[in-house]
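Asker: Below, each chain spelled out in residue letters.
There are 2 protein chains.
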Amino acid sequence: MKFLRVDMSAQTVKFEEPGEAYKLYGGRGLIAKILTEEVDPACDPLGPQNKLIICTGLLAGTSAPTSGRLSVGGKSPLTGTIKEANAGGTAGWMMSRLGLRAIIVENAAPGKCFILKVGSGTAQLLPGEAYAGLNNYELVARLQQAFGEKIGVISIGGAGERGYRNSTVQITNTEGYPSRAAARGGLGAVMGSKGLKAIVLEPGAAPVVTYHDREKFNSAVKSYVQGIKAHPVSGEAMPALGTAVLINIVNAMGALPTRNFSSGSFEGAEAISGERLAQLQAERGGKNGHACQPGCPIGCSNIYKDEKGEYLTSGFEYETIALNGANCGIASLDAIARIDRLCDDFGLDTMETGTTIAVCMEAGRIPFGDEKGVMALLQEMSDGTEFGKVLGQGTAATGKYLGVQRIPTVKGQSIAAYDPRALKGTGVTYATSPMGADHTCGNSILEQNVAPTQKEGQVEVSTNLQVGMATFDSLGLCIFSGFCTADPANIGHLVDMLASRFGGAWDVNKLFSIGIDTLAMEKKFNAAAGFSKTDNRLPRFMLTEPLPPSNSVFDIPDEELDKAIPF
Amino acid sequence: MKFLRVDMSAQTVKFEEPGEAYKLYGGRGLIAKILTEEVDPACDPLGPQNKLIICTGLLAGTSAPTSGRLSVGGKSPLTGTIKEANAGGTAGWMMSRLGLRAIIVENAAPGKCFILKVGSGTAQLLPGEAYAGLNNYELVARLQQAFGEKIGVISIGGAGERGYRNSTVQITNTEGYPSRAAARGGLGAVMGSKGLKAIVLEPGAAPVVTYHDREKFNSAVKSYVQGIKAHPVSGEAMPALGTAVLINIVNAMGALPTRNFSSGSFEGAEAISGERLAQLQAERGGKNGHACQPGCPIGCSNIYKDEKGEYLTSGFEYETIALNGANCGIASLDAIARIDRLCDDFGLDTMETGTTIAVCMEAGRIPFGDEKGVMALLQEMSDGTEFGKVLGQGTAATGKYLGVQRIPTVKGQSIAAYDPRALKGTGVTYATSPMGADHTCGNSILEQNVAPTQKEGQVEVSTNLQVGMATFDSLGLCIFSGFCTADPANIGHLVDMLASRFGGAWDVNKLFSIGIDTLAMEKKFNAAAGFSKTDNRLPRFMLTEPLPPSNSVFDIPDEELDKAIPF
Numbered sequence: 029m030k031f032l033r034v035d036m037s038a039q040t041v042k043f044e045e046p047g048e049a050y051k052l053y054g055g056r057g058l059i060a061k062i063l064t065e066e067v068d069p070a071c072d073p074l075g076p077q078n079k080l081i082i083c084t085g086l087l088a089g090t091s092a093p094t095s096g097r098l099s100v101g102g103k104s105p106l107t108g109t110i111k112e113a114n115a116g117g118t119a120g121w122m123m124s125r126l127g128l129r130a131i132i133v134e135n136a137a138p139g140k141c142f143i144l145k146v147g148s149g150t151a152q153l154l155p156g157e158a159y160a161g162l163n164n165y166e167l168v169a170r171l172q173q174a175f176g177e178k179i180g181v182i183s184i185g186g187a188g189e190r191g192y193r194n195s196t197v198q199i200t201n202t203e204g205y206p207s208r209a210a211a212r213g214g215l216g217a218v219m220g221s222k223g224l225k226a227i228v229l230e231p232g233a234a235p236v237v238t239y240h241d242r243e244k245f246n247s248a249v250k251s252y253v254q255g256i257k258a259h260p261v262s263g264e265a266m267p268a269l270g271t272a273v274l275i276n277i278v279n280a281m282g283a284l285p286t287r288n289f290s291s292g293s294f295e296g297a298e299a300i301s302g303e304r305l306a307q308l309q310a311e312r313g314g315k316n317g318h319a320c321q322p323g324c325p326i327g328c329s330n331i332y333k334d335e336k337g338e339y340l341t342s343g344f345e346y347e348t349i350a351l352n353g354a355n356c357g358i359a360s361l362d363a364i365a366r367i368d369r370l371c372d373d374f375g376l377d378t379m380e381t382g383t384t385i386a387v388c389m390e391a392g393r394i395p396f397g398d399e400k401g402v403m404a405l406l407q408e409m410s411d412g413t414e415f416g417k418v419l420g421q422g423t424a425a426t427g428k429y430l431g432v433q434r435i436p437t438v439k440g441q442s443i444a445a446y447d448p449r450a451l452k453g454t455g456v457t458y459a460t461s462p463m464g465a466d467h468t469c470g471n472s473i474l475e476q477n478v479a480p481t482q483k484e485g486q487v488e489v490s491t492n493l494q495v496g497m498a499t500f501d502s503l504g505l506c507i508f509s510g511f512c513t514a515d516p517a518n519i520g521h522l523v524d525m526l527a528s529r530f531g532g533a534w535d536v537n538k539l540f541s542i543g544i545d546t547l548a549m550e551k552k553f554n555a556a557a558g559f560s561k562t563d564n565r566l567p568r569f570m571l572t573e574p575l576p577p578s579n580s581v582f583d584i585p586d587e588e589l590d591k592a593i594p595f
Numbered sequence: 029m030k031f032l033r034v035d036m037s038a039q040t041v042k043f044e045e046p047g048e049a050y051k052l053y054g055g056r057g058l059i060a061k062i063l064t065e066e067v068d069p070a071c072d073p074l075g076p077q078n079k080l081i082i083c084t085g086l087l088a089g090t091s092a093p094t095s096g097r098l099s100v101g102g103k104s105p106l107t108g109t110i111k112e113a114n115a116g117g118t119a120g121w122m123m124s125r126l127g128l129r130a131i132i133v134e135n136a137a138p139g140k141c142f143i144l145k146v147g148s149g150t151a152q153l154l155p156g157e158a159y160a161g162l163n164n165y166e167l168v169a170r171l172q173q174a175f176g177e178k179i180g181v182i183s184i185g186g187a188g189e190r191g192y193r194n195s196t197v198q199i200t201n202t203e204g205y206p207s208r209a210a211a212r213g214g215l216g217a218v219m220g221s222k223g224l225k226a227i228v229l230e231p232g233a234a235p236v237v238t239y240h241d242r243e244k245f246n247s248a249v250k251s252y253v254q255g256i257k258a259h260p261v262s263g264e265a266m267p268a269l270g271t272a273v274l275i276n277i278v279n280a281m282g283a284l285p286t287r288n289f290s291s292g293s294f295e296g297a298e299a300i301s302g303e304r305l306a307q308l309q310a311e312r313g314g315k316n317g318h319a320c321q322p323g324c325p326i327g328c329s330n331i332y333k334d335e336k337g338e339y340l341t342s343g344f345e346y347e348t349i350a351l352n353g354a355n356c357g358i359a360s361l362d363a364i365a366r367i368d369r370l371c372d373d374f375g376l377d378t379m380e381t382g383t384t385i386a387v388c389m390e391a392g393r394i395p396f397g398d399e400k401g402v403m404a405l406l407q408e409m410s411d412g413t414e415f416g417k418v419l420g421q422g423t424a425a426t427g428k429y430l431g432v433q434r435i436p437t438v439k440g441q442s443i444a445a446y447d448p449r450a451l452k453g454t455g456v457t458y459a460t461s462p463m464g465a466d467h468t469c470g471n472s473i474l475e476q477n478v479a480p481t482q483k484e485g486q487v488e489v490s491t492n493l494q495v496g497m498a499t500f501d502s503l504g505l506c507i508f509s510g511f512c513t514a515d516p517a518n519i520g521h522l523v524d525m526l527a528s529r530f531g532g533a534w535d536v537n538k539l540f541s542i543g544i545d546t547l548a549m550e551k552k553f554n555a556a557a558g559f560s561k562t563d564n565r566l567p568r569f570m571l572t573e574p575l576p577p578s579n580s581v582f583d584i585p586d587e588e589l590d591k592a593i594p595f
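Going line by line, the protein sequences match chains A and B.
Position in the first sequence (from 1) plus 28 gives the number in our numbering.
Position in the second sequence (from 1) plus 28 gives the number in our numbering.
Source of the hints: derived by calculation from the structure; they are not laboratory data.
Just so you know, not all the hints are guaranteed correct.
No copy is singled out in the list; a pair is fine if it fits within one copy or between any two copies.
[To be verified] With a cut-off of at most 25 angstroms between alpha-carbon atoms, the simulated SDA-like pairs for lysine to any residue come out as follows:
| hint | residue 1 | residue 2 |
| --- | --- | --- |
| 1 | K30 | E45 |
| 2 | K140 | R434 |
| 3 | K244 | G431 |
| 4 | K551 | P585 |
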């Protein structure tokens, strides 16, 4: 698996055979290694010193289930921290078929617009002026016209081009729609700052992956897939209802962010639930149980059709629905799906967008529940009005601009769709993750032994989850494929996959040392970028303002938070 | 000397006799003490938890020269750090005559508008709706109509009411003009967030100050005044040319910020020099050598008249001229004076405003040198347009919004009018001061023994200056009265003043322990607010981009910076 280095200043490309030192680094871990070794942590995230790294995980190219996740990383213009965001879709799988582990985009061609076309052993920077300013859906359609239907596309819309700090890198899914997003942290703006509009991946041959013991690998994969399918969430709930199954569950816990995190329970939850979504799409000919990447045994994604039965969006997820629905007081799935489509098209993080809009609602710019007002704000972002550009800076900047005191962010990134007062393990993760408030860094929603509002034990819960997630993000596996690792036997199958893929002595400690090592590098980068433990705090209002209906506050002391991920 | 506590939520006032523990705290030191004891460092600076503290220094009410400085403090909405900004004018002197050491404004009446009227032993919160939205000049004129010509006024203009993070607290001068500013750090917005529009100080009797040994005090004052007058800067240059004398001097050093800190030398320096200013005002009947507060032996201020001989502004200082002149490429004193007047009137920090405008120029919003464009941007702030509100957030927020990479700020506050690449001692102060990039915390411009661009020795120079300035800011003395302390005999006179005012054993160590103690409290507050040594850094571009004409870079290593003010 090669590295492709792209110098945007010189407009040159170079394939590299990474040395033995990189052999056991993939995904999030590889990003942390390259950034700590090659990028000044104090650099301007939108300046030429930053690097945009797009890479696959350690198990990419194999038959390991969900192993096609694509990691995108760099210094985040939203948080100022190190950042890895990963996504499903086909690009990770396609990169493996082109023999690539990583594309490393260096320097910058500001104000220019290039398309990077990558084939088997070939790469070219093509003039992209004709595509400048296009949003993702039209961009991908035109690229498919120009380069064929079977390409994979990694691209930015207008938001990334405008330098919006809440902009995404979008990735095409199995249907060729740009609906999967490396969403968090504004990495679309990093890509935009480089002058790179899109990466076009040509269809490659089968990936050439070497195995220490292929038979043992296949056997471990088979067992692991059985584990995924046997788990009630990854085997039943998610294939049936998608991630939106969580709406009713999290609402019942009292942790569903509602009207800018002022309640944990939304009276309109039923109308935006996974159950309602499944029913609606069954009526309209949409699809649940859709796999976003080839070979996924879970299929938590969907194809969402509108009132007329026309395709509206896909990859329509719990976080998007919760934060643009309940958190904005909007109880209409169609309204939220239109927001999702606009976000994917323009290239906005749906989560950051939902919390930003809710902060505008709190400030009285538009009322809670005002769907038309939301569309008008999105239009302002798209038009690049002065206020639209403020919105494009994300929730923290918008809240500060509007003088809002209840701003739900950590390190400048918005909190995900689980109120930490009612799910404290996730709250510890929000506070202490090197990435800002990121649920995918360690979400305690399925924790069985420590009650969600219990004060004690959450730091340990979060730490274990953060190690696990950093490991999965480095393997390149979807974190949903990891629910089954609550059963140690399934961890054993993972260990077997690594041993039979790479050889050498592997055990559970070596497996999770991948995550520990990754977190340690990330923390080192952040410390050099100016972060300290005092940045690892939730917004103050969550420490004092009780969250209805549980009336819980986040009461884990700072000294306890400081004990999380002690690597 | 009493404390007056004003509860803006309950709209009550209370006089307090501060205990013995507060006896030796005044000005900046008193602010640090009250904030560290009473305010949560993690609070929202514009929320009700913050306190606005307005107080006099330890030598207030005495005949010590320049002892009427007024300190204004709180947690800064611009930097998030502790903040003290002090100003001349008559208010400090008047507070002493009302027997007041401090006015402490607590809680908040958001959206309301009150006037606090203070007399001898009396204080009232009066409805101020009739004054809401007025800028400082009209506000003061109306307050003088209502309460008499002899009042002192501490007030905010529209900027503070709008919550602008670059807004000032303005203070009337000896002529009754609101042209003195506690300018830095956005304390006007803190006052605005409380619902307090102005404090009206009635003329009081002579201050009742007790002395341990009055005769010795008078004698020390006499000697110290001789010291001030004998010093070439405070005794000659400043009375003759005001602080603007520095334009030609700093330009000749190559440290005059020019076109957003891209050069240290401005071809139009002569046209905006102190010499030119003095000549112009002599022609027009303006005034140099004006004292901003009663009894000042220096008189570095001025009254600036326009082309028609009409009053335009006063307190028209070097920093304002350099940052709105050279740094914006504007070579017209009249144009800069109009900017100054607008800033005083609306209540904007002229320094933060000048650097913000220069960043807009760098981004291409308006060209360098475009006076009309500057007025239009100021009008946008005044009108509260969307972009105007971005500008009101200060240089760092505006630069980030515009995607500018060369942003001259530290801890979110703009660098003053000495480029740190050509004046490295001041650079160390910018980086390490608890207040953000603040020249008044320790400016090495008069340093004789360490050359300005020398790499070695600057940390010690800055540390000594920072201790000295924190001491002067706590005594309530103008820092210009301290140039003469280069002569140890004059330090002795200061020590004598403190000993004969307060009694007890005083020596030079005890004198400067005031500054050391103050800095230590400030650092403690900041640490709890989330700051660490990695925040003590200059903008990266100053480390790598040579500054013409010396082509010097700021090359003091981080490890050296970390040794500054080690208390």
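Asker: What hint numbers does the structure not satisfy?
Answerer: The structure conflicts with hint 3 only, although it agrees with all the remaining ones.
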